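J.: Given next are the chains, with one letter for each unit.
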Amino acid sequence: MIKYSVFDILGPIMIGPSSSHTAGAARLAKVAKLIALEGRASNEIVVSEVTFYLHGSFATTYQGHGSDRALVAGMLGFDPWDERLKRSFELALTEKLQYSFVAIDLGDVHPNTIKFVIKRSDGVSVVVVGSSIGGGKILITSVDGEELEFSGDFPTLILKHHDRPGIVSKVSALLYDENINIAYMKVFRQSRGEDATMVFETDSMISDEVLEKLQELKRQGFLTSVKRISPIALGA
Amino acid sequence: MFINKGAELSRICKERSISIAEYTLEIEQEENGHSREELLLKMQKNLQVMRESAQEALLRPMQSVSGMTGGDAYKLHEYSKRQTLCGELVVLAMARALSCSEVNVAMGKIVAAPTAGPCGVIPGAILTAAEKLQKSDEEIILSLFTASAIGILIAKNATLSGAEGGCQAECGSAAAMAAAAIVEMMGGSPEMALHAAAIALKNILGLVCDPIAGLVESPCAKRNASGAINALISADLAMAGITSIIPFDEMVDAMFSVGRALPCELRETGLGGIAATPTGQTLKKKIFG
Ligand code: SF4
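Note that the protein sequences, when read in sequence, are chains R and F.
According to my numbering, the residues represented by the first sequence are 256 to 491, in order.
According to my numbering, the residues represented by the second sequence are 262 to 550, in order.
It is possible that part of the hints are untrue.
[To be verified] Each computed PhoX-like pair below joins lysine-lysine, with the alpha-carbon atoms no more than 20 Å apart:
id: 1; chain 1: R; residue 1: Lys-258; chain 2: F; residue 2: Lys-417
id: 2; chain 1: R; residue 1: Lys-415; chain 2: R; residue 2: Lys-473
id: 3; chain 1: R; residue 1: Lys-341; chain 2: R; residue 2: Lys-351
id: 4; chain 1: R; residue 1: Lys-392; chain 2: F; residue 2: Lys-417
id: 5; chain 1: R; residue 1: Lys-258; chain 2: F; residue 2: Lys-266
id: 6; chain 1: F; residue 1: Lys-483; chain 2: F; residue 2: Lys-336
id: 7; chain 1: R; residue 1: Lys-374; chain 2: R; residue 2: Lys-351
id: 8; chain 1: R; residue 1: Lys-415; chain 2: R; residue 2: Lys-441
id: 9; chain 1: F; residue 1: Lys-393; chain 2: F; residue 2: Lys-342
[Said to hold, decoys possible] Just so you have them, the derived chain F footprint on chain R, three or more residues with Cβ under 8 Å:
id: 10; segment: 260 to 270
id: 11; segment: 309 to 316
[What the hints assert, rightly or not] Beta-carbon label-pair distances, calculated as ranges:
id: 12; chain 1: R; residue 1: Ala-488; chain 2: F; residue 2: Lys-546; range: 36 to 42 Å
id: 13; chain 1: R; residue 1: Gly-362; chain 2: F; residue 2: Lys-546; range: 26 to 32 Å
id: 14; chain 1: R; residue 1: Ala-428; chain 2: F; residue 2: Ala-537; range: 57 to 63 Å
These aren't lab readings, by the way, just hints derived from the structure by calculation.
Note that the structure is predicted; figures quoted are calculated from it, not measured.
C-beta atoms are modelled at their ideal positions from N, C-alpha and C, and glycine is treated no differently.
For reference, chain R alone in the conformation it holds in the complex (with noise of 0.2 Å):
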């Protein structure tokens, strides 16, 4: 049976009306920013446009549901519990974020799903599907097609290199030796010898330094690419 803390009973803390439509939605907006922003902390580069493509219920119910405002907010890089959701409209435009909604069937995926497509400041562009998979919970799907999986619940690591033997020894060791223990760790890869990502969510936050090592394999050609995600609460 699958076990229940007493907070996901009562709780999450939230913004209504609906966990999936508009809790999730705006983890969702948050998440997918992190990711188009790898990480960043910094001002230096920032969202400046996004397309949000609706799939499924979304696209029937995103005006009632809120999911519009909770989008833009998740954007904005607010939590779903913070009451600012309701003005998220508003607050884009002072912050300069342009945003277009945008009916769409992605196909035979979760009812609940969303592509980002997301412009930012210095002219990149990014890709991210997810969907809402209840009681705000969430699942990040693919970013930039490739395809992978990660709920955002804990600190994530994505990296990408080439399908190479002993690439995921060496990180697995990485992280091993700085004491971070990896709760979950997938590969994904479209084809042998290909490209492959590696998604590893772990227990303990992950720090600049550790990060410096992994950009430092990047430098030495294990590692094409290297995103670190902080975990985004569930509730307040």
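Given the coordinates of chain R, work out where chain F with the ligand should sit on it, guided by the hints.
T.: For chain F with the ligand alone, coordinates are given in the frame of chain R:
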């Protein structure tokens, strides 16, 4: 791990002479490594948000984002000051439940309990009962652990989602959780608390989920009001020593199998029930254009 069945829960609590709330606190400490104080503090935060959302729409009319509903909690609160049929307690419990619901659909802050749709049932019932019984915050917080325990058992053995089990799984489960919580708050035994929860589930067995336009708004708000009252009467029935002929665990199983037997039109798709009535359809057109 938290026990899987109500019968085991009742037996353990009896053997050790502890309440469901105490048992739940113990398990939560073991599982997640938090101290008792941390857990009580976290629940205190839930209580705080419950209080605010149960109050906000009483004092000023609030309109939903879709524009379909709103202002009823305010009306009911005004009415509660006059001569009412059911009396102040019942009317206030309904008003508070409606308030949470209205705050929710106006994009205000609420506690999912157990989900956002029925978020008014537990605050409406528990806060009003606690006020009448003059219970302290500590006692209310403990009762919220009782409520969670019932929710955990239903989640383990059935479902808390309208999409899976209909509204009986949302407003019904919330009422069962609140009923058990109130019984423990009144000094009733764990066994009595489980009877109260079983009675509450029985009272709404089969209730479908049929939100107009697919929005968590109507009939949800009024079902929050009736859910809160369901909790209050179930608690009183159990406190009088009345038992549920069908034990809690079997009630949960029955609720789940009824839920699974509901056609998909009656499970949150907004295609059946009141959503499919001519008025429901007209409202949907008005909202979505
Ligand atoms: S009718 Fe459906 S959406 Fe509304 S409260 Fe009940 S289960 Fe939730």
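J.: Hint by hint, note whether the structure agrees.
T.: Hints and how they fare:
1. Only pairs whose Cα atoms come within 20 Å are accepted, and R/Lys-258 paired with F/Lys-417 is accepted, the gap being roughly 8 Å.
2. Taking the CA atoms of R/Lys-415 and R/Lys-473, the gap is about 9 Å. The hint holds against a cut of 20 Å.
3. With a C-alpha separation of about 17 Å, the suggested pairing of R/Lys-341 with R/Lys-351 holds against the 20 Å cut-off.
4. Under the criterion of a C-alpha separation no larger than 20 Å, the hint pairing R/Lys-392 with F/Lys-417 is consistent with the structure, at around 18 Å.
5. For a cut-off of 20 Å, the pair hint linking R/Lys-258 to F/Lys-266 stands: about 13 Å separates their Cα positions.
6. For the suggested pair F/Lys-483 and F/Lys-336, the alpha carbons sit about 13 Å apart, so the restraint of at most 20 Å is met.
7. At roughly 13 Å between alpha-carbon atoms, R/Lys-374 and R/Lys-351 fall within 20 Å of each other, so this suggested pair holds.
8. Distance restraint check for R/Lys-415 and R/Lys-441: the Cα-Cα separation of roughly 12 Å lies within the 20 Å cut-off, and the hinted pair is therefore satisfied.
9. A distance of roughly 16 Å separates the Cα atoms of F/Lys-393 and F/Lys-342; the hinted pair therefore holds under the 20 Å criterion.
10. Counting residues of the segment 260 to 270 of chain R whose CB lies closer than 8 Å to any CB of chain F gives 11, which reaches the minimum of 3, so the coverage claim holds.
11. Counting residues of the segment 309 to 316 of chain R whose beta-carbon sits less than 8 Å from any beta-carbon of chain F gives 3, enough to reach three: the coverage restraint holds.
12. Between R/Ala-488 and F/Lys-546 the CB atoms are about 39 Å apart, so this pair conforms to the stated range of 36 to 42 Å.
13. Roughly 28 Å separates the CB atoms of R/Gly-362 and F/Lys-546, a value that falls within the hinted 26 to 32 Å.
14. About 60 Å separates the C-beta atoms of R/Ala-428 and F/Ala-537, a value consistent with the hinted range of 57 to 63 Å.
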